[in-house]
Structures are given as structure tokens and as C-alpha cells.
Amino acid sequence: MNVRAVEEAALAWVWDHRDRFALGDDALAADGQVNHTWKPLGELAQVCAAVSAGTPPSDPLHTRASDLLDFAWQQTRRGELFLLMQSLEPFASYPLEVYAAFASAGHRHTGYEASAAVVARTRGWRVTEQYPTRRLGVIEAERRSGLSPHGRVPQALGRTWLGGLPEPWTFERAAGYALTHVVFHLTEWGHDPQGVPADLADYLLHWLPPWLDTCLEARMWDLSCELLAVAASVPRPPDPAALEDAWHRVAAAQHVSGAIPEEGAVQDTAGAAGSAEPYAFTDCYHSTLMAAFAASLTTARLRDVNHVGQGVPR
Numbered sequence: 001m002n003v004r005a006v007e008e009a010a011l012a013w014v015w016d017h018r019d020r021f022a023l024g025d026d027a028l029a030a031d032g033q034v035n036h037t038w039k040p041l042g043e044l045a046q047v048c049a050a051v052s053a054g055t056p057p058s059d060p061l062h063t064r065a066s067d068l069l070d071f072a073w074q075q076t077r078r079g080e081l082f083l084l085m086q087s088l089e090p091f092a093s094y095p096l097e098v099y100a101a102f103a104s105a106g107h108r109h110t111g112y113e114a115s116a117a118v119v120a121r122t123r124g125w126r127v128t129e130q131y132p133t134r135r136l137g138v139i140e141a142e143r144r145s146g147l148s149p150h151g152r153v154p155q156a157l158g159r160t161w162l163g164g165l166p167e168p169w170t171f172e173r174a175a176g177y178a179l180t181h182v183v184f185h186l187t188e189w190g191h192d193p194q195g196v197p198a199d200l201a202d203y204l205l206h207w208l209p210p211w212l213d214t215c216l217e218a219r220m221w222d223l224s225c226e227l228l229a230v231a232a233s234v235p236r237p238p239d240p241a242a243l244e245d246a247w248h249r250v251a252a253a254q255h256v257s258g259a260i261p262e263e264g265a266v267q268d269t270a271g272a273a274g275s276a277e278p279y280a281f282t283d284c285y286h287s288t289l290m291a292a293f294a295a296s297l298t299t300a301r302l303r304d305v306n307h308v309g310q311g312v313p314r
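Residue 170 in the UniProt record's numbering is what sits at position 170 of the sequence shown, and the numbering runs on without skipping anything.
FYI, nobody ran anything at the bench for these hints, they're computed from the structure.
Be aware that a few hints might be false.
Label-pair ranges, simulated between beta-carbon atoms [as the list claims (entries may be wrong)]:
no. : residue 1 : residue 2 : range
1   : GLY106    : ARG303    : 19 to 25 Å
2   : ARG303    : THR170    : 34 to 40 Å
3   : GLY164    : GLU129    : 31 to 37 Å
4   : ASP59     : ASP213    : 28 to 34 Å
5   : GLN194    : ASP26     : 38 to 44 Å
Every residue, glycine too, gets a C-beta built ideally from N, C-alpha and C.
Go ahead and model the full structure; you've got the sequences and the hints to work with.
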């Protein structure tokens with residue numbers, strides 16, 4: 001199974017649809033829909049930052065990811081919009097979380113960082129109500145943005161679903177997305193597998209394969225790709241045969257355009273002339289990004305750790 005082919009096709013689809021990630025006039029509106037403006041842009045930035053960092057500069061995919069990241073940065077007016085958002089919603093965490101993706105790749109705005117640092121020192125910021133996984137993400141966003149984290153990772157981790165080492169049969173969709181993001185935060189989006197504590201690593205080694213199989217059987221492609229990214233991020237990847245089969249199934253779900261639906265039945269991959277847009281953008285952009293992300297981490301694991309035949313498929 002050629003994992004790289006999945007990554008190439010997914011990034012090609014993202015490139016062809018990059019204008020759909022652009023911020024419109026509603027990005028600063030008081031009643032704007034953040035999930036349709038800043039969220040897609042932030043996810044594009046994070047995935048491209050991770051792919052760019054994990055791919056050799058000589059690789060064409062490094063150039064493509066870097067160009068997409070530059071495109072996303074330009075959408076923020078090179079960081080100026082973060083400063084505006086700070087004044088409009090000083091205690092919203094999502095601007096900092098999006099900014100952290102850019103900052104991790106070297107795109108910084110000193111004015112925004114100074115303003116965010118002032119807010120981050122307030123009691124109001126420290127006691128904002130958040131889900132445990134989100135709080136862990138904010139702590140990591142502060143660190144990546146050069147701010148003093150308002151909490152400690154071990155304490156935040158202990159309050160998450162994964163950190164509690166729950167009964168494996170309690171796994172479901174929400175828990176699945178929570179655990180993947182916990183691992184992403186702990187590993188700097190897959191680039192530091194040793195960031196996963198030993199007890200969590202052992203737990204994931206045992207239970208990640210059946211959870212992944214369950215999601216694939218349910219045709220939950222988006223969550224399956226996130227779990228494959230986790231598999232390439234932990235200190236000891238699961239059984240190679242299980243991952244080989246998972247990648248075959250993800251590849252079969254990928255349309256010839258490169259798009260992968262978030263879930264459900266897939267369109268005919270034979271590639272009829274009229275099937276260039278098989279899914280609505282909102283139904284496939286995140287899963288397609290996650291496929292590129294997971295594939296990039298998988299190929300990087302092969303290259304950098306030389307785990308040929310020891311944890312990730314070719």
C-alpha cells in the first residue's frame with residue numbers, strides 16, 4: 001500500500017480547493033460562524049505546518065504544504081486579524097489556537113503576542129470554563145505562541161478521557177476525537193512521540209487497533225484518519241498488519257479527486273467525467289486534511305525512525 005499516494009492526492013485536492021479556506025467578510029462579524037471561517041483555516045494551517053515540518057525541503061510535498069501555509073497566513077493579513085480578534089473577543093481561545101499553528105512554523109506577529117500575553121495573565125483567562133481536552137490544547141497553544149502557560153500539562157491531561165485510562169468499551173465518537181487531540185497536543189502534532197507518557201502509550205498500543213477497526217467498519221473516515229495519525233505518533237506503533245489493512249481501506253475510500261468524505265458511503269472512485277466534485281466542501285475538507293496529515297506522519301516515521309516492517313506500512 002502506497003501511503004504517499006494518499007497524501008499526494010489529498011494535498012492536490014486541498015490545493016485545488018484552497019480558495020474555499022479563504023476568510024470572508026464574516027470572519028470578524030459579531031454573529032460570524034467561526035466553524036465555517038476560522039476553523040477550516042486553522043485546520044489547514046496546522047496540517048500544512050505539520051506536513052512541512054516533517055517533510056524534507058527537497059520533497060515537492062514540502063513545497064506544496066509550505067505554499068498552502070503561506071496562503072493561509074496571507075488570509076490573516078500576516079497576523080493582523082489576530083490582533084483585531086483580540087480586541088473583539090479578548091477571552092476567546094480559538095484565535096490563539098489558530099495562531100499557534102502559524103507560530104510553530106515561524107509565522108509570528110509580535111503585536112498580537114504582546115496583547116495575548118496581557119489577557120493570558122488575567123484571572124478571567126485562567127478560569128474560563130473549557131472541556132479538559134480543550135484546556136490542554138490552550139496550554140499547548142500558549143507554549144507554542146511564546147506565552148507563559150496558565151496550567152501544567154500533567155494536571156490538564158489527567159482530566160481528559162484518555163488521561164483517565166477509561167474502560168475501552170466506553171470508546172465512542174466524542175471520546176475518539178478527544179483522545180486523538182490529546183495525543184496531538186502531547187506530541188506536538190506527531191513530531192515528538194516520546195511526549196506520550198508510558199502508561200498511555202501502553203494503553204493505546206493495546207486498544208488503538210480495535211478502535212480503528214470499529215471506525216473503519218462504521219465508515220467513519222475522518223476519525224479513522226485521526227486514529228491513523230495517532231498510530232504514527234505514539235512511541236510504539238500498533239501491529240503493522242492492522243495498519244496496512246487500515247490504509248488499504250482509507251485508500252479505497254479516496255475519490256480520484258483526492259477527496260475523502262467524513263463518513264458514510266463513498267462515491268464511485270472510477271472517476272467519471274462529471275464526478276470532479278463528489279462531495280460538498282464541508283463534508284470532506286477535514287477528512288481530506290486528516291488523510292494528508294496521517295499519511296505524512298506515517299511516511300516520516302518510516303524515514304526518520306527507520307521502522308521498516310516494524311510498525312507502519314510502506
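Results for each hint:
Checking the proposed 19 to 25 Å range against GLY106 and ARG303 shows it holds: the Cβ atoms sit about 22 Å from each other. Taken as a hint, the range 34 to 40 Å holds for the pair ARG303 and THR170, whose Cβ atoms sit roughly 36 Å apart. Here the CB-CB span from GLY164 to GLU129 is close to 19 Å, at odds with the stated 31 to 37 Å. The hinted window of 28 to 34 Å between ASP59 and ASP213 holds, with their beta carbons roughly 31 Å apart.
Taking the beta carbon of each, GLN194 and ASP26 are about 42 Å apart, inside 38 to 44 Å as hinted.
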